[in-house]
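Chemist: Sequence:
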Amino acid sequence: MSSFTAFGQIAENEGGGNGTTTAGGVITVTTQNTITGSVQFNAGDVNDYWWVDDGVSGTIIFTWSDDVRVFLRQYGNAGRTGAFESNTQVSSGASTTLLASKFYAFFVQDNPAAQGFTSYSIAITGTALPAGGDSDPPNYTAGPATSSTTAQGFDVSATIDETGDIFYVVVPDGSTAPTVDNVIAGESNGGGTPSASGSALAGTSLSATVTGLNSATTYDVYFAAQDDETPTANK
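Each step along the sequence shown adds one to the number in the working numbering, with nothing skipped, and position 184 is 167.
It should be emphasised that the hints constitute simulated quantities derived from the structure, not laboratory data.
Among the hints, erroneous ones may be present.
As the list claims (entries may be wrong) - Here are the computed distance ranges between Cβ atoms for each label pair:
#: 1; residue 1: 106; residue 2: 159; range: 53 to 59 Å
#: 2; residue 1: 60; residue 2: 138; range: 47 to 53 Å
#: 3; residue 1: 78; residue 2: 146; range: 20 to 26 Å
#: 4; residue 1: 155; residue 2: 46; range: 57 to 63 Å
#: 5; residue 1: 146; residue 2: 203; range: 35 to 41 Å
#: 6; residue 1: 164; residue 2: 188; range: 18 to 24 Å
#: 7; residue 1: 42; residue 2: 64; range: 24 to 30 Å
#: 8; residue 1: 155; residue 2: 42; range: 44 to 50 Å
#: 9; residue 1: 49; residue 2: 169; range: 50 to 56 Å
#: 10; residue 1: 71; residue 2: 169; range: 37 to 43 Å
For each residue, glycine too, the CB sits at the ideal point set by N, CA and C.
From just these sequences and the hints, can you work out the full model?
Modeler: Laid out in structure tokens, this is it:
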């Protein structure tokens, strides 16, 4: 997964007694990159306004030494209109978490002690993901499979192509197939108790031995896998 996000600055007229500056453009920010602005901070327009691409998630850190303040606003709509859900003053060097389901803009504001035409530079670091993040479920690169069958059990195995969780349930042959969510919850169809179940978490492979089965019964095994995306895993 890549580590970048994009910030678009809204075009604005920073008029004032010291002249006019029109701010605009798009900055693509990667680890250790910097944005630089030059604006007319005055009573008529005290903010330089940037917004974060829709769908971005992860953590981000703003660092600066200039005489400015930075606020991060969270909105419930893509237009970033109406009342914002939160307006947090960011501390230089502190990390902030962004949620893919929310919409963000940040404001660079003059310190009241530094009125007048001011330039600033803000370094941006973090682990923010591209808009939308990873939307693909894991793929099996080996298995899922059973092996080493005995009278009371067998081995199960599977490997996936990204870090995540692998689950399995064992039910008598002919039972209604469990859903993916059933398998992840360790349940048979409808939420019942399966003959056996298990999982391998936060990795790429599963290897387990199923025991305690009835030698006179034939069984089916169902597997499910999900990745480690947050807030919603792909499965």
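Chemist: Look at each hint and say if it fits the structure.
Modeler: Evaluated hints:
Taken as a hint, the range 53 to 59 Å holds for the pair residue 106 and residue 159, whose Cβ atoms sit roughly 57 Å apart. Between residue 60 and residue 138 the CB atoms are about 51 Å apart, so this pair conforms to the stated range of 47 to 53 Å. Checked against the hint of 20 to 26 Å, the pair residue 78 and residue 146 passes, with Cβ atoms roughly 22 Å apart. Between residue 155 and residue 46 the beta carbon distance is about 60 Å. The supplied range of 57 to 63 Å therefore holds.
Roughly 28 Å separates the CB atoms of residue 146 and residue 203, a value that falls outside the hinted 35 to 41 Å. Checked against the hint of 18 to 24 Å, the pair residue 164 and residue 188 passes, with Cβ atoms roughly 22 Å apart. Separation of residue 42 from residue 64 is about 26 Å and conforms to the stated range, judged on CB atoms against 24 to 30 Å. Against the hinted window of 44 to 50 Å, the Cβ-Cβ separation of residue 155 and residue 42 comes to about 47 Å, which satisfies the hint.
In this structure the supplied range 50 to 56 Å holds for residue 49 paired with residue 169, their Cβ-Cβ distance being about 54 Å. At roughly 39 Å, the beta-carbon separation of residue 71 and residue 169 lies within the given 37 to 43 Å, and the hint holds.
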